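Peer 1: For reference, the chains in residue letters:
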Amino acid sequence: MSTQTKPKPTGETGGERRINMIEAINEALDVMLERDDNVVVMGEDVGYFGGVFRCTAGLQEKHGKTRVFDTPINECGIIGAAVGMGAYGLRPVPEIQFADYIYPGLDQLISEAARLRYRSATEYIAPMTVRSPFGGGIFGGQTHSQSPESIFTHVSGLKTVIPATPYDAKGLLISCIEDNDPVIFFEPKRIYNGPFSGYYDKPVEPWKKHEASIVPEGYYKIPLGKARQVREGEELTVLTYGTMVHVAEAVCREKGIDADILDLRTLVPLDIDAIEASVKKTGRCLVVHEATRTSGFGAELSALVTERCFYHLEAAVERVTGFDTPYPHSLEWAYFPGPVRIGEAIDKILKD
Amino acid sequence: MADQADKKPHTGDNRPALALHVPEPRSRPGGPVNFADIDIGKAGDQPRPDEGTAPADMKDLAYGLVRVLGDDNKAYGPWDPKLDPDTLRIMLGHMAMVRAFDERMFRGQRQGKTSFYMKCTGEEATSVAASMALASDDMVFPSYRQQGILIARGYPLIEMINQIYSNRGDKLKGRQLPIMYSSREHSFFSISGNLATQTPQAVGWAMASAIKGDSRIAATWVGEGSTAEGDFHSACTFATVYNAPVILNVINNQWAISSFSGFAGAERTTFAARALGYGLAGLRVDGNDALACFAAQQWAANRARANQGPTLIEYFTYRAEGHSTSDDPSGYRSAQEREEWPLGDPVMRLKNHLIEIGEWDEDRQQAMDLKCAEEVKATTKEAEKNGILGHGMHHPFHTMFEDVFEELPWHLEEQAKQATSERIAKFGSERPDQ
Ligand SMILES: Cc1ncc(C[n+]2csc(CCOP(=O)(O)OP(=O)(O)O)c2C)c(N)n1
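Chains L and H, in that order, give the protein sequences.
The first sequence begins at 0 in numbering that gives the first Met the number 0 and counts up by one.
The second sequence begins at 0 in numbering that gives the first Met the number 0 and counts up by one.
Extracted from the complex, chain L is given alone in its bound form (with noise of 0.2 Å):
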């Protein structure tokens, strides 16, 4: 992790380009800032040397220190200044290093960002992304591996992004920059580098042999508010996002399991309409998220499938979630929702 470049390719078959999601991200941004003027990529370390998981490799020295440039570590003052430039015109894309970090600068998220089009009546919008990985699965304990994706979700006003492929987050981070709303876009970053089957014990997949890492060269875009079927069946509906997706699909894959799994890729806006269709066909659902359990987003989804499919419902609907202790250093796998949890689950669900 030490280079100055851009990172490269990781693998190309049959004229197919296969990339991880690190160049993904790296990928989008380099094609924002390329098409638009006003983006500007700003944060602890993205400058020269490209970010500590190497995101913004190259692009500072691609598009100038004024488009690229590193901020001091104040969080507040990162996301501060970025309601600021969004309100002169630019489009900020802010990093938070880590998703643990974000919480200085939650005011100005949270008061400022997330009501600046509401409080104005349009005046004024704040058109950023903040970028941030999120998650756990790499031992970077209590202070390095959360995900807090509810607090955002609770927020009004904020659109909530979760990558679970190369190929969705290049395109869903293109649309995420060019959205006109604060977009939190959360960075999975146990699966940067390759899908992860739940089994830290086992080798790991690279993302060289994964379909979704086909990823187009230049601009695309996926919608916000999509969710993408990622296999379907007649048993059981999985709802996932991030990491967990890659996890669930193991789990069914192993078990035999014929789940419609559906990866959410936004929470707000959620694709309501593909998360109901899913649950009438199966008649039953599995939420799944490594967030600690009370009050998480997997309460909501539960909720929301529980009012509006209750008369389809051959089964309680269940949630696998991390627990709601900190994410312990040493025993990160033992907190992460694995394929045993996942698979008592589905088994309980099955069983009713």
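No false leads were mixed into what you were given.
In silico lysine-lysine, PhoX-like type, Cα no more than 20 Å apart, as pairs:
no., chain 1, residue 1, chain 2, residue 2
1, H, 211, L, 61
2, H, 211, L, 64
3, H, 370, H, 380
If we take Cβ atoms under 8 Å as the criterion, some of the chain L residues that face chain H in the derived model are:
no., residue
4, 73
5, 76
6, 81
7, 82
8, 86
9, 87
10, 89
11, 107
12, 110
13, 111
14, 116
15, 117
16, 121
Treat the hints as calculated values from the structure; they're not laboratory data.
These numbers were taken from a predicted model, which means no experiment stands behind them.
Ideal Cβ placement from N, Cα and C applies to all residues, glycine included.
Model the placement of chain H with the ligand on the given structure of chain L, informed by the hints.
Peer 2: Then chain H with the ligand, alone, in the frame of chain L:
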């Protein structure tokens, strides 16, 4: 201030007991007031360095008090901005209008026409005179006591009153607390109720202007109490790091609701001196001297425009009235403070200066005050035709759900339908969307 430890030291411990210092203001209700320790210096005494001067070479200005108007109402020294009489009369006119406006709106709140109001009595120069030194398209990020900027920029009074009444004429659709104006057309940023949040935003705007090679600068206003917020320190850090073309105006009116300035650290140093640790230029100014306020802002604006960097200005002033209509200052400070404030009344001082230089007289002042009062009164009547708070003439109901996002998402559309059906249940179908 002999501070006492609340508890006895642990027995057997022969180290001295520590004592917590809790600041106490100069006066409390019923007590005498003594402002003798405030060194206000002499008008004209402070040097005026070149606008490109390095912050380290002008440290004294962060501790002194830049003053132009002397006790004899004459202008003195290098900070005299030498404004022509017409400009001075316009300045006085805006300040008189702010006062008339405050008076009327305060009464309006007491009459139940709105829920809340905040006066800026005694601080008129810090917004009117300061903003007159900026270009009309320089962007301002005010706090809630800078109505003077809107008035100086010619924002229609009726729009201000519509906002205060949250009526159907309110351009902000009745969403903001009264006095939390916004006017993009007047380069006036939407006011937040969360203190100090506007300060890093102003710096960000200024950075954007610099990124774009624009020539417009930004200025922000914040109360001295609010400088204790982290946002203000974020703003100072960003301003200095990027040499942003921004002016950070700190209005030290001595009180943050009932907490005196000591609770923001005023016992140990000045607010202007906050600048020094960041490497910002720092000026401390007599906030009741309109000429000094103008001159300081002009100095900082020139500096920013020439890419010489940001300036932090402390305006030393006094909040003559309550914090807001919800506050009763007699509960925490001596009523004598207002009388004995050593820097006088900014409106009177400017008026007396104009009279002193033979460009004004008491009759004209009286006529002007009357004209302001009448204009505000007539505009208030006009605004009332659009409704007052709580009397039903508000924005169409559905607007409550608009502008959360650029487009209305399904969940808000559903909630809007729910709210409309509730209204039909309550009022019948005549007024679901009034
Ligand atoms: C973040 C935040 N904390 C507390 C408040 C409540 N509050 C409103 S005004 C005020 C005092 C502010 O004092 P100061 O900054 O000195 O400005 P002044 O009112 O004197 O002009 C407080 C504590 C608030 N609006 N926002």
